[in-house]
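Colleague: This is what each chain is made of:
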Amino acid sequence: MAAKRRSFLGRRYDLFDRQRVYAMADGLEIDNLEGYEVTRRRVYFDDVLLVTYHRYLGWVFLLVTGLAAGFFGLIGLGLAVSEPEAGAIVGLLCGFPFALPFVLRLIFRVDVVTVYGRRTKAEMNFSFRKGRARAIFGWVCEQTRLAQEGAAGERGGTPAGEAPPEPPSPPA
Amino acid sequence: MARRARRPAAYRGVACPLCKRPLSHEELSSGMQACPHCRGMFEAVRFTPAEARVVVAEVGGAGPDGATPCSRHERNAAVAACGRCGSFMCELCRIEADGKVLCPPCFDRLSAEGALPSTTTTFRDHGSMAQSYAAVGILFWILAPVLGPAAVYHGVKGLRQKRRMGDAHGVIGTYVAIVLGALEGAASVFGLLAIAGVFD
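Residue numbers (my numbering), protein chains in the order written: chain F, 1 to 172; chain H, 1001 to 1200.
Take these hints with a grain of salt, some might be off.
[To be verified] Pairwise CB distance ranges, derived in the manner of DEER restraints: (1) 1146(H) with 7(F): 32 to 38 Å; (2) 1193(H) with 64(F): 42 to 48 Å; (3) 100(F) with 1109(H): 51 to 57 Å; (4) 1058(H) with 34(F): 22 to 28 Å; (5) 1160(H) with 34(F): 21 to 27 Å.
None of these hints come from the bench; they were simulated from the model.
Positions of the beta carbon are idealized from the N, C-alpha and C atoms, including for glycine.
The following block holds chain F by itself, in its conformation from the complex (with noise of 0.2 Å):
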C-alpha cells in the first residue's frame, strides 16, 4: 500500500451535505460528500487566514428532537391511561432515540474548529471529544505559523523525484 498521505482530522455532517477533513503535510484536505459523489478541496497552511473555536447549541436540532421526543412521549401518556405497558413501550423505544440526542446536546454542546482560507475553508464538528478539538485548534494554528514563517516571501514545493513527506501527526 502507499505510503499514507493523510490522515483524518474531524467532520461535519449537516441536512444537506457530508464533510470529512483530512491532515496533509501543507495542508488540510476536505473531502465533501453528496451522496456518494465526492469533491475534493485543500486549504494550504501558506493560504490561511483565520482559525476559529466556538461553541454552539443548534436550536433547530433541538427543536426537531424534543418535539419528537414530546410527541411519542404524548403518545404513550395517552396510551398509559388504558393500557400501562403499551405506553411505557411506546414512550422508551419510540422516544428515547430522540429524548437522548436531547439530552446530549444541551449537556455538551458542540465544539467547531473552522479554518478559512484565500479559496475554501475547512469545518470540523467535535460533539462529545472537546479536548480533542482543542488539541486540533491549537495544531492547525501552529502548523499554520510555521508554515507561513518558513514560506514568506518564496514559494516552497518538493523536488522532483522526491516523494512527498509524510504528514504531520496530528494530536491522538
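With chain F held as given, fit chain H onto it using these hints.
Modeller: Here is chain H on its own, set in the frame of chain F:
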C-alpha cells in the same frame, strides 16, 4: 453523457463562524472576537499570509553564457526541464505536482488521465457504495444475489482507490463490506436454489 458534478456553494472569504456573514479580515485580531452582526463570541487566531512572488529571469539578463529560453516564453530563461517531455520551461510554466516537475501541457494531459492523484477533485466513493450495498442486501435479502456481488465489486474498486490516493480512512469498513457482500451473495443464491428445489 458526461456526469456533471454539483458545484459547492461559493466561498466568500472570512466570515463569522456562527452567523456565516462576511467579516473584514483586516478588522479581525487574535483572541476572543464578537461578531458585529450576530454579537456571537468566538475565539480566533488571525494570520497574514505573505503574497507569493514569482521571480521570472529573462534571457536577456542572463549574461554572455546565455540562458536556455523557455519553450513557450522566448524572453524568459528556462529554470527546469519537464519531467515528462523534457521541454525547457521558465518559472511561470513550472508546475510541481505529486513529486513531479511538469510543463502545462503535460500537467493537463496527466490530470485528464487521472495520473496525478493530487489533482483529482471529483470522484465516486466506491467504499461507501460497497457498504451501502452490503447493508441493503442484508435488509432485503431477495436483492442480495445482485447487491452482494455489487458490494464486492465496489469494495475492491474502493480499496484500489484508497491505495492510489494514500487514504487509510474507511479501509476496515470497506473490507467488512466485501466480506458481507460475498457472504450474502453466496447465501442468497444458495437459499434461492434451495427454494427452487434444486437440492431435493
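Colleague: All the hints need checking, so say for each whether the structure fits it.
Modeller: Against the structure, the hints come out as follows:
no. : hint                            : result
1   : 1146(H) with 7(F): 32 to 38 Å   : 36 Å, holds
2   : 1193(H) with 64(F): 42 to 48 Å  : 46 Å, holds
3   : 100(F) with 1109(H): 51 to 57 Å : 54 Å, holds
4   : 1058(H) with 34(F): 22 to 28 Å  : 47 Å, violated
5   : 1160(H) with 34(F): 21 to 27 Å  : 22 Å, holds
Consistency note: the structure conflicts with earlier hint 4 alone.
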